[in-house]
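**Q** Below, each chain spelled out in residue letters.
2 protein chains.
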Amino acid sequence: MTTFAEATAVRPAEGGFLADLDPRWAVGDKLHGGYLLAVLGRAVSAVGGGHAYPVAVTASFLRPPAAGPATVSVTLLREGRTTAQYRASLVQDRQVCVEALVTQGALDDAAPWWTAAEAPEMPGEDDCVLLPADSPGSPFRVHILDVVEHRLDPSSLGFAMGQPSPAGRTAAWLRLADGSEWDPLSLLVALDPAPPISLVLGVKGWAPTVSLTAYLRRLPAPGPLRVTMQAAEITSGRMDETAMAWDAKGNLVAQATQLAAIRH
Amino acid sequence: MTTFAEATAVRPAEGGFLADLDPRWAVGDKLHGGYLLAVLGRAVSAVGGGHAYPVAVTASFLRPPAAGPATVSVTLLREGRTTAQYRASLVQDRQVCVEALVTQGALDDAAPWWTAAEAPEMPGEDDCVLLPADSPGSPFRVHILDVVEHRLDPSSLGFAMGQPSPAGRTAAWLRLADGSEWDPLSLLVALDPAPPISLVLGVKGWAPTVSLTAYLRRLPAPGPLRVTMQAAEITSGRMDETAMAWDAKGNLVAQATQLAAIRH
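So the protein sequences, as listed, match chains H and X.
Residue numbering for the first sequence is 177 to 440, as defined by this note's numbering.
Residue numbering for the second sequence is 177 to 440, as defined by this note's numbering.
Careful, some of the hints might be misleading.
To be verified - Sample of chain X residues with no beta-carbon within 12 Å of chain H, all distances over it, derived:
(1) Ala181
(2) Val318
(3) Ala353
(4) Ala397
Stated by the list, open to error - Within a straight-line C-alpha distance of at most 25 Å, the following computed DMTMM-like cross-link-like pairs (lysine to aspartate or glutamate) qualify:
(5) H:Lys425 with H:Glu255
(6) H:Lys425 with H:Asp284
(7) X:Lys380 with H:Asp284
(8) H:Lys380 with H:Asp284
(9) H:Lys425 with H:Glu357
(10) H:Lys380 with X:Asp359
(11) H:Lys206 with X:Glu255
(12) X:Lys425 with X:Asp354
(13) X:Lys380 with X:Glu297
(14) X:Lys206 with H:Glu255
(15) X:Lys380 with X:Glu325
(16) X:Lys206 with X:Asp359
Bear in mind the hints are in silico, worked out from the structure with no lab data behind them.
C-beta: ideal position from N, C-alpha, C; glycine also.
Okay, chain H solo, but in the shape it has when bound (with noise of 0.2 Å):
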């Protein structure tokens, strides 16, 4: 068992920081687009600007890195009284497989101002069902559902069952499997929740992304996370899909948009 916060940590290297990839935080032989997105953000945080979160970040996924070193480096693009902003790059046999903006700044747990985003009312976790990494017919094993659980609410189960919803939403609870509490990087790893919703609908196969966007808005709550995702369309070989976040408050915690490929 890794803990999180060993799978993502980086030390300063020529170039930047190193990291060793963690081939648990994986989709079959593809790491994790959120879990990818917590090491650059960690690297980030590393440089120890005065700016303590990550409050927006954006990566492109270029190549598919392996598990194992990779380099992250990090450039300051203006540091301001509020934020800092970032492009941070995760490299690999000299080529960039992962690139990103990053937004760092201040966060706190303070109430919503104003809000239009309620939690979901949902069932409790002992009535949602715990996802195997290893499930019959999946062409992959889905390491990622070994360290990060996720219990999902039966109404998105459909699928499973060979009968797929056409709704295109899932709802879950998540939680870190290390027993570590949530915080900002690994909010990063849970809104990029399994399955995919081309899954949920019934399409097979991997559904690789192409961009994910997430906007960090409240340091959590301790507890189990609430998260949904919905998509709007699948068109083109394309889908996009939304996660929010929901600590054990009740608070929107993040949230994330991203664009997948699929093959439908």
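Got chain H; can you put chain X on it based on the hints?
**A** Same frame as chain H, now just chain X:
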């Protein structure tokens, strides 16, 4: 009157492309974020890889550029069979003002394979309210409304009569005032419509975009767009906004999310 094509024109120059930023595509003296994205997109398209259209664009807004000359530099990050990914930077006075990640690919007008994004019901254009560039009490002129006609659903208009709506949503018909039809680059402007949701909620003042992400989904049919914008939460001085745009045939053509800074 400058057309959209003229306002976003670029020509090859040392270090990339030269653009002449047009003060009419602005809110007060701040150039419009979607317009700046369109200039960056024009330069990426001018590089002339085999991938015709932007499909995913994210920009970090670092410093507001002034109207007038600016340079756009474009770096190819990866060229694949179906997409190419670029970094593009808008530079003025040797400082990067906007840095973007752009994925180029193919777009068509095929029917969606699956959609949950039905076009919104709203009154016809003649029953909506054309927003003026000058309005009583506004601290600045919203020049962009001279070049992009916004006809707002009257149900979104309470803020203008001093009666903010708590829904945090707007819906409008948009047309280019130069009479040209929407295309993938001008859609980038439509995805950052006026007014900001903060104003609809009663918060006066500028809401500068920190980061904006747009996904282009389909080639638009001729005719006006329907554009909705919805915020999820305003907290800790930041607001998210999600925009969706449908063409005159009622098909989803583009969507965007942005994170903006506000003083509430």
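**Q** All the hints need checking, so say for each whether the structure fits it.
**A** Taking the hints in turn, this is what the structure says about them:
1. Even its closest Cβ contact with chain H, about 25 Å, leaves X:Ala181 beyond 12 Å, as expected for a residue assigned away from the interface.
2. The claim that X:Val318 lies off the interface holds: its Cβ sits roughly 23 Å from the closest Cβ of chain H, which is beyond the 12 Å cut-off.
3. With a least beta-carbon separation of about 29 Å from chain H, X:Ala353 lies farther than 12 Å from that chain, consistent with its non-interface assignment.
4. Every CB of chain H lies more than 12 Å from the CB of X:Ala397, the least distance being 14 Å, so the non-interface label holds.
5. For the given pair, H:Lys425 sits about 33 Å from H:Glu255 by alpha-carbon distance, which is inconsistent with the 25 Å threshold.
6. About 14 Å separates the Cα atoms of H:Lys425 and H:Asp284, which keeps this hinted pair within 25 Å; it holds.
7. Straight-line distance between C-alpha atoms of X:Lys380 and H:Asp284 comes to about 24 Å, which keeps the hinted pair within the 25 Å bound.
8. Note on H:Lys380 and H:Asp284: the hinted pairing is violated, with a Cα-Cα distance of about 40 Å set against a maximum of 25 Å.
9. This hinted pair checks out: H:Lys425 and H:Glu357 have alpha carbons roughly 13 Å apart, not beyond 25 Å.
10. At roughly 33 Å between alpha-carbon atoms, H:Lys380 and X:Asp359 are farther apart than 25 Å, so this suggested pair is violated.
11. For the hint linking H:Lys206 to X:Glu255, the alpha-carbon distance of about 20 Å falls within 25 Å, and the restraint holds.
12. Distance restraint check for X:Lys425 and X:Asp354: the Cα-Cα separation of roughly 21 Å lies within the 25 Å cut-off, and the hinted pair is therefore satisfied.
13. Restraint check for X:Lys380 and X:Glu297: not satisfied, since their Cα atoms lie roughly 28 Å apart, outside the 25 Å limit.
14. Simply put, X:Lys206 and H:Glu255 have alpha-carbon atoms about 20 Å apart, close enough for the 25 Å limit, and the pair holds.
15. Restraint check for X:Lys380 and X:Glu325: the C-alpha separation of about 22 Å stays at or below 25 Å, so the hint holds.
16. This hinted pair checks out: X:Lys206 and X:Asp359 have alpha carbons roughly 24 Å apart, not beyond 25 Å.
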